[in-house]
Amino acid sequence: MEFENENEILEKNNLTEEEKRKQRIFEIEKKLGRHNNEKEMKNRRNNKIMKYFALATNMVYILSLPILLMLGLYMLLKKYLFKTDQPLVLVIFLVIGAVSGYWSLIKQVNNIK
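Per the working numbering, the very first residue in the sequence shown carries number 43; after that it's consecutive.
Each hint should be verified, as a subset may be incorrect.
Pair by pair, the computed Cβ-Cβ distance ranges are [to be verified]:
id, residue 1, residue 2, range
1, S146, M83, 25 to 33 Å
2, N100, K121, 24 to 32 Å
3, P129, N100, 29 to 37 Å
When the alpha-carbon atoms are kept at most 25 Å apart in a straight line, the in silico DMTMM-like pairs for lysine to aspartate or glutamate are as follows [to be verified]:
id, residue 1, residue 2
4, K73, E60
5, K72, E59
6, K90, E69
7, K84, E69
8, K73, E61
9, K72, E61
10, K84, E71
11, K90, E71
By construction, these hints were calculated from the structure, which means they are not laboratory data.
We put the beta carbon where it would ideally sit given N, CA and C, even for glycine.
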């Protein structure tokens with residue numbers, strides 16, 4: 043009976059020593075950065091913020107470039123094709139440019155992951 047109790051105590055001590063050893067190894071590895079998920083989460087968050095910041099800074103170009111291209115097309119048509127000014131065609135071209143600019147912006151916002 044005493045022998046069995048001693049064996050149980052030794053087994054418990056071995057288990058606790060093994061758990062302590064595993065805990066120490068885990069702490070050392072964590073200091074080395076092997077179990078540090080905080081950096082990965084922070085990098086993902088910063089990467090997403092940078093993507094949105096880049097989109098926000100390019101938003102002016104995304105919206106204005108199609109409008110300017112349609113305005114340039116109207117000016118070319120006015121110079122070589124039309125005899126007089128055509129304000130209705132100008133308005134239609136500007137609306138098409140604005141719609142395509144917003145469409146491009148929406149596509150870029152939806153592609154950010």
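For this session: For the pair we were handed, K90 and E71, check the Cα-Cα distance against 25 Å.
Result: violated, 28 Å
Problem set entry | 25 Å Cα cutoff - pair K72, E59 | holds, 20 Å
Problem set entry | Consistency of beta-carbon spacing, K121 to N100, with hint 24 to 32 Å | Given a distance of about 31 Å, which is inside 24 to 32 Å, the answer is holds.
Problem set entry | Satisfaction of hint between E61 and K73, Cα-Cα up to 25 Å | This hinted pair holds, its Cα atoms lying about 18 Å apart.
Exercise. Does the Cβ-Cβ separation between P129 and N100 fall within 29 to 37 Å?
Worked result: holds, 31 Å
Exercise. Given the hint that K73 pairs with E60, does the C-alpha gap stay at or below 25 Å?
Worked result: holds, 20 Å
Problem set entry | Pairwise hint evaluation, E69 against K84, where the allowed Cα distance is 25 Å at most | holds, 21 Å
Problem set entry | Proposed proximity, E71 with K84 (alpha carbon, max 25 Å) | OK: K84 and E71 at ~19 Å, within 25 Å.
Problem set entry | Status of the given 25 to 33 Å range, CB of M83 versus CB of S146 | For S146 and M83 the Cβ distance comes to about 31 Å; the hint holds.
Exercise. CA of K72 to CA of E61, is that 25 Å or under?
Worked result: Within the cut-off at roughly 16 Å; holds.
Problem set entry | 25 Å limit on alpha-carbon distance, applied to hinted pair K90 and E69 | At roughly 30 Å apart (the allowed maximum being 25 Å), E69 and K90 break the hint.
Violated hints for the displayed structure, listed by number in ascending order: 6, 11.
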